[in-house]
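Undergrad: Below are the chains, spelled out letter by letter.
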Amino acid sequence: MKYIATIDDRSFEIDINEQGEIIADGQRLSVDFHSVADQPVYSMLLNGESFEASVSTREMTVEVLLRGRLFLVNVEDERQRRLRETTHMELEQEGEFTLAAPMPGMVVAIPVEVGQSVEKGDNLIILESMKMQNELKAPRDGKVSGVRVSPGDSVDQNQVLLTLI
Amino acid sequence: MKYIATIDDRSFEIDINEQGEIIADGQRLSVDFHSVADQPVYSMLLNGESFEASVSTREMTVEVLLRGRLFLVNVEDERQRRLRETTHMELEQEGEFTLAAPMPGMVVAIPVEVGQSVEKGDNLIILESMKMQNELKAPRDGKVSGVRVSPGDSVDQNQVLLTLI
Amino acid sequence: MFTKVLIANRGEIAVRIIRACRELGIETVAIYSDVDRAALHVRQANEAYLLGPAPSRDSYLRGDKIIEIAKAAGAGAIHPGYGFLAERDDFAEAVQDAGLVFIGPRPSAIAAMGDKGVARATVAAAGVPIVPGTEGIGDLSDEDLLAVANEIGFPLLIKATAGGGGKGMREAASLDEMPGLIKSARREAEAAFGNGNVYLEKLLLDARHIEIQVIADSHGNTIHLADRECSIQRRHQKLLEEAPSPFVDEPLRQKMGELACRAAEAVDYLNAGTIEFLVDKDRNFYFLEMNTRLQVEHPITEMVTGVDIVKEQIRVARGRKLRNSQEDITLNGWAIECRINAEDPYNNFLPSTGQLTSVIAPSGPGVRVDTGVYAGFTITPHYDSLISKLICWGETRGEAILRMRRALDEFRILGVRTNIPFHQKLLASPRFMVGQFDTRFVEERFKFEENDEEQERLEIIAAVVATLVTHRATQEAAQIIRQSERDTSNWKWVGRWERMQR
Amino acid sequence: MFTKVLIANRGEIAVRIIRACRELGIETVAIYSDVDRAALHVRQANEAYLLGPAPSRDSYLRGDKIIEIAKAAGAGAIHPGYGFLAERDDFAEAVQDAGLVFIGPRPSAIAAMGDKGVARATVAAAGVPIVPGTEGIGDLSDEDLLAVANEIGFPLLIKATAGGGGKGMREAASLDEMPGLIKSARREAEAAFGNGNVYLEKLLLDARHIEIQVIADSHGNTIHLADRECSIQRRHQKLLEEAPSPFVDEPLRQKMGELACRAAEAVDYLNAGTIEFLVDKDRNFYFLEMNTRLQVEHPITEMVTGVDIVKEQIRVARGRKLRNSQEDITLNGWAIECRINAEDPYNNFLPSTGQLTSVIAPSGPGVRVDTGVYAGFTITPHYDSLISKLICWGETRGEAILRMRRALDEFRILGVRTNIPFHQKLLASPRFMVGQFDTRFVEERFKFEENDEEQERLEIIAAVVATLVTHRATQEAAQIIRQSERDTSNWKWVGRWERMQR
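Sequences listed follow chains X, R, S and P, in order. Here the working numbering is used: the first residue of the first sequence is 1, the next is one more, and so on. Here the working numbering is used: the first residue of the second sequence is 1, the next is one more, and so on. Here the working numbering is used: the first residue of the third sequence is 1, the next is one more, and so on. Here the working numbering is used: the first residue of the fourth sequence is 1, the next is one more, and so on.
If you are wondering where the hints come from, they were derived from the structure by calculation, not from laboratory data. Treat the hints with care, since some could be wrong.
Listed below are several chain R residues computed to face chain S (Cβ distance under 10 angstroms; list not exhaustive) [stated by the list, open to error]:
#, residue
1, Leu29
2, Asp32
3, Ala37
4, Asp38
5, Ser43
6, Glu49
7, Ser50
8, Glu52
9, Ser54
Think about it this way: if two alpha-carbon atoms lie no more than 27 angstroms apart in a straight line, the pair counts; the simulated DSS-like pairs of lysine-lysine are [said to hold, decoys possible]:
#, chain 1, residue 1, chain 2, residue 2
10, R, Lys131, P, Lys255
11, R, Lys120, P, Lys425
12, X, Lys131, S, Lys255
13, R, Lys137, P, Lys447
14, S, Lys425, X, Lys137
15, X, Lys120, S, Lys447
16, R, Lys120, P, Lys447
17, P, Lys202, R, Lys131
18, S, Lys425, S, Lys447
19, S, Lys183, X, Lys137
20, P, Lys202, P, Lys255
We treat Cβ as the ideally placed atom computed from N, Cα and C, and that holds for glycine.
Can you build the whole structure from these sequences, using the hints too?
TA: Here it is in structure tokens:
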């Protein structure tokens with residue numbers, strides 16, 4: 001079965017057959033893929049070379065932590081690929097961006113207000129957790145479309161704090 | 001709720017109420033009993049003293065490994081106690097004893113034969129596992145009532161090897 | 001002489017202290033908050049008592065309750081560890097008033113060094129050079145601070161007078177950003193130490209943060225256990241320490257050591273403490289502050305000197321003489337500590353919480369791990385993010401670095417994100433390997449996410465892994481393959497499967 | 001000079017060797033049997049290749065296949081570890097014939113020492129005292145053995161000529177039990193070494209088993225790394241070792257060390273090896289055998305000498321000179337190793353197999369753990385029962401013992417039974433603490449299940465635990481209490497529950 005895996009702007013064509021081998025970018029490789037101790041950790045022997053990766057999946061993105069590096073991979077089969085291309089769908093997230101609390105904590109400051117334009121990297125919220133002041137930054141340019149919390153609020157993990165358009 | 005716990009020939013009367021305390025042999029003790037990380041390991045705070053025990057249950061016996069010592073405990077509630085006493089049932093296992101393989105391995109020798117009388121501690125079977133010759137001994141005096149394997153046989157864990165009466 | 005010690009702390013340091021007590025045949029009493037019932041220090045102590053709800057102010061900062069518990073349990077002494085109540089002279093005082101031994105310095109010394117302003121004045125009087133900054137008492141108003149700021153000159157640092165560990169610390173490049181920074185510094189200081197006072201200090205550039213471990217007994221002996229290099233920091237949080245410092249030669253070591261002892265003696269110091277110095281590129285050094293407690297990074301000193309600092313703390317507190325004179329202290333080899341934090345280096349080092357599903361710690365020759373967590377334990381947002389300290393010793397700095405690299409590669413922690421990848425990158429960076437760095441290195445010169453050919457090579461590997469995981473998920477979802485229980489945890493290819501059946 | 005090494009072994013020793021290679025910047029190739037696909041050595045190596053089915057003869061003893069893999073993978077050397085092919089001169093020969101480096105002694109030395117009969121003759125000729133027993137060649141018939149038995153006198157030992165580690169060893173008290181014992185000894189030797197030859201040796205009573213670590217380079221230098229006390233044995237299996245031996249004083253150490261080097265030189269020895277001696281109560285010592293390989297208990301020597309023996313093995317194999325001369329070797333402190341076996345001390349030490357559900361290893365100052373297992377790994381009956389080596393260092397023997405006790409208390413292994421309780425009892429026994437024991441101590445004088453007042457006290461605690469577990473099970477079964485997901489793993493009383501809600 002054929003898949004297209006994309007990291008940033010690099011795409012790899014990976015063809016899996018059930019005979020313990022795959023074809024990656026035309027290279028034929030023997031593979032033994034083994035999940036360890038019921039954990040999302042995989043030991044992979046690729047032509048004998050030993051790799052270990054821990055993997056988590058968020059929406060369409062597979063996060064692979066490999067040899068101390070994190071890779072965000074989008075995997076599609078040919079059908080999905082064609083579908084996306086015909087509908088000109090983009091991989092990057094579009095439309096509204098929702099800032100959710102990455103961990104429980106207390107909102108100590110909100111340096112922006114509704115309607116304000118922000119650039120990628122600007123601080124949106126300062127959240128205190130584990131005795132540290134953590135700056136939550138804008139992932140892209142945009143305009144603040146909504147602020148759902150106020151300074152002093154205690155928030156739970158994944159609680160929506162603010163939205164950007 | 002009242003229980004009687006017996007270790008060898010010592011019996012303890014233990015009364016559990018749901019208010020975080022128990023009465024053991026008349027002593028009133030505060031207790032916090034906590035199972036750790038979904039394992040059969042329990043952290044117990046008894047009047048503040050911290051104990052940790054790993055526990056496994058076999059038939060009527062609770063095996064408690066505590067501070068490097070193993071205790072075999074029989075626990076009954078009053079009803080069971082009365083029942084046993086009226087029927088004069090004994091705690092010790094009666095009748096036929098079945099020797100099962102404690103682990104997979106190969107039978108290398110059977111120093112006894114059917115009909116032979118054996119004493120507690122006599123070797124019944126020599127089983128090779130983990131590159132060691134392991135002597136399986138008689139748990140009590142008795143007579144060999146049956147031998148189910150022969151030298152050279154490979155046996156699985158818990159496979160019946162021999163019976164005593 | 002006390003035979004039972006209450007440890008007024010949690011996490012790895014509580015476990016560390018319990019270990020020292022056990023090896024001395026001393027009974028231990030642990031305390032815990034609601035979320036720490038199953039914590040390692042509770043499991044390992046001889047006794048454990050509930051303090052209260054998770055927030056520190058309701059549990060680990062409840063000095064009154066802690067002393068109550070110590071007396072009820074018949075403990076003869078209290079070890080505060082670091083953080084929480086460790087540098088609160090009022091707590092040390094209260095412990096002594098309750099007739100218990102405080103395993104640490106005298107309250108007067110904690111107070112003198114605790115107010116960083118007073119501390120600077122005291123050691124300066126004793127002839128120890130200090131960093132230019134605000135003088136005397138530490139409870140300055142915002143107005144006072146703004147006034148002296150210009151005299152000191154920019155860039156400067158706003159620091160918590162009750163501080164330590166970089167908490168409540170801010171950098172100011174100009175006067176107009178001062179008000180906002182003072183505000184946030186006070187807020188963080190208040191949260192961390194229950195005291196919002198701050199003071200100002202000139203910001204030395206290209207400086208290293210090098211500290212000297214000292215220990216003093218009640219018989220008038222004060223010795224130092226040489227230096228620790230602590231310049232590898234991010235937002236004033238130490239991330240990696242090594243002993244000795246690659247920057248310090250023997251003459252400088254002796255000079256710093258002597259002045260460190262003098263600074264300690266200036267406040268009639270007792271038990272273990274650390275003098276932090278800033279050292280500029282010309283090897284001039286300036287007193288920064290004294291941490292009047294056991295330091296997070298104490299193990300690297302233990303590994304190169306052979307002195308068990310925590311056991312020595314307890315002996316000193318029992319009124320014993322130090323086991324070693326200054327002449328006995330010699331350095332053997334090199335030690336490095338990596339602080340393993342539950343932080344996501346790929347997401348601005350935000351704290352990461354959750355249940356640890358798997359922990360495989362490195363081991364083998366020259367490797368030590370101090371930790372308070374285990375697989376199944378849950379990291380909560382209530383306390384700091386340090387979950388483990390990985391310490392490696394080597395005959396040389398080179399061997400220590402190579403050993404640390406392999407130990408980091410072996411470390412497996414699942415359930416939360418950790419900064420292990422940061423350390424792996426750091427230990428591979430040429431500037432670190434040659435020992436050329438200052439306190440700004442991590443933030444200004446070190447690239448965490450750089451691209452190299454290894455990156456290129458691993459991308460395709462990662463792509464393959466992601467594809468196989470996706471493929472497998474699809475297959476399972478579609479239930480094309482019925483799998484035995486064993487196989488669900490162990491996906492095999494038909495080919496491989498057949499091979500195994502032979 | 002080779003830059004990639006194949007490790008022809010599994011378990012903790014394969015992991016140990018991989019660590020040494022990584023720290024030297026050498027690539028590693030692992031091999032594995034079907035049941036070891038997820039073993040730690042496979043996960044940690046740079047490359048890994050399947051050998052075959054679980055049984056050793058089909059996998060880890062397949063020398064031909066291993067050499068094939070080494071060549072295909074481009075490895076320049078093979079490290080055999082201990083056991084399996086480590087002491088097979090034909091394998092070492094084949095490795096060299098294949099143009100690869102064998103990280104160990106020359107085949108001729110393995111052969112000379114491998115046949116215990118020849119070994120005894122060789123070292124005797126070199127002036128090293130030997131235990132009275134059969135002379136010369138080792139492949140004696142049952143008849144020959146019975147014939148010489150009387151000359152030697154009883155009690156005597158039947159030992160495998162290809163032996164080591166006490167496998168295929170039997171004690172004979174009289175002539176009439178000889179035939180049966182010879183039979184079973186040959187059987188076990190055949191199974192363990194693929195060679196059923198045995199020889200006889202007088203059984204010395206009240207003797208200690210003390211060994212000397214030696215290492216030689218290819219430039220004619222042979223040094224020793226002092227002694228290890230190995231008298232704590234059960235059925236000739238070492239259970240605990242310490243370095244140095246509490247029985248050996250400096251003069252005896254030097255004498256034994258010199259003769260050990262002489263014995264090694266007698267067979268033109270290269271790389272690391274161990275000379276085993278029997279030492280009687282009058283401090284006379286006799287050559288027992290030489291283990292021509294890395295020893296299980298090598299870490300305790302590493303901890304007191306500071307020498308990384310495995311790294312040194314690799315350097316020597318690369319043609320380097322030894323890094324230390326005899327004068328450089330000094331002993332610092334004391335080290336003890338406890339072998340943690342998957343054996344049930346409460347059931348005649350029978351091996352215990354199954355999946356490890358939880359592993360929490362001890363750590364902290366002075367503690368080292370060498371292991372090849374982790375939580376989730378399955379212990380199979382195919383290989384030996386050693387799952388972990390716990391090594392503790394202390395400034396003194398006393399500190400090492402106290403540290404080992406606390407480390408054993410910390411160790412948590414669930415899923416299989418282990419002999420940890422045995423070690424806990426042993427380290428608490430007065431005779432061990434004062435160092436008064438010989439090779440018969442464990443079997444004859446040491447009571448594992450003794451009764452003391454601690455036992456009395458703990459019985460009621462165990463009774464309470466058992467009752468609470470039973471009660472809980474009953475409650476759950478009867479579904480009287482509906483429990484939230486969190487609560488099923490954390491059973492609370494109403495009272496405690498309410499306290500937590502405050």
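Undergrad: Now tell me, hint by hint, if it's right for this structure.
TA: Hint-by-hint comparison with the structure:
{"no.": "1", "hint": "Leu29", "verdict": "violated (14 angstroms)"}
{"no.": "2", "hint": "Asp32", "verdict": "holds (7 angstroms)"}
{"no.": "3", "hint": "Ala37", "verdict": "holds (2 angstroms)"}
{"no.": "4", "hint": "Asp38", "verdict": "holds (7 angstroms)"}
{"no.": "5", "hint": "Ser43", "verdict": "holds (5 angstroms)"}
{"no.": "6", "hint": "Glu49", "verdict": "holds (5 angstroms)"}
{"no.": "7", "hint": "Ser50", "verdict": "holds (5 angstroms)"}
{"no.": "8", "hint": "Glu52", "verdict": "holds (6 angstroms)"}
{"no.": "9", "hint": "Ser54", "verdict": "violated (12 angstroms)"}
{"no.": "10", "hint": "Lys131(R) / Lys255(P)", "verdict": "violated (36 angstroms)"}
{"no.": "11", "hint": "Lys120(R) / Lys425(P)", "verdict": "holds (25 angstroms)"}
{"no.": "12", "hint": "Lys131(X) / Lys255(S)", "verdict": "violated (36 angstroms)"}
{"no.": "13", "hint": "Lys137(R) / Lys447(P)", "verdict": "holds (19 angstroms)"}
{"no.": "14", "hint": "Lys425(S) / Lys137(X)", "verdict": "holds (24 angstroms)"}
{"no.": "15", "hint": "Lys120(X) / Lys447(S)", "verdict": "holds (19 angstroms)"}
{"no.": "16", "hint": "Lys120(R) / Lys447(P)", "verdict": "holds (19 angstroms)"}
{"no.": "17", "hint": "Lys202(P) / Lys131(R)", "verdict": "holds (26 angstroms)"}
{"no.": "18", "hint": "Lys425(S) / Lys447(S)", "verdict": "holds (9 angstroms)"}
{"no.": "19", "hint": "Lys183(S) / Lys137(X)", "verdict": "holds (21 angstroms)"}
{"no.": "20", "hint": "Lys202(P) / Lys255(P)", "verdict": "holds (23 angstroms)"}
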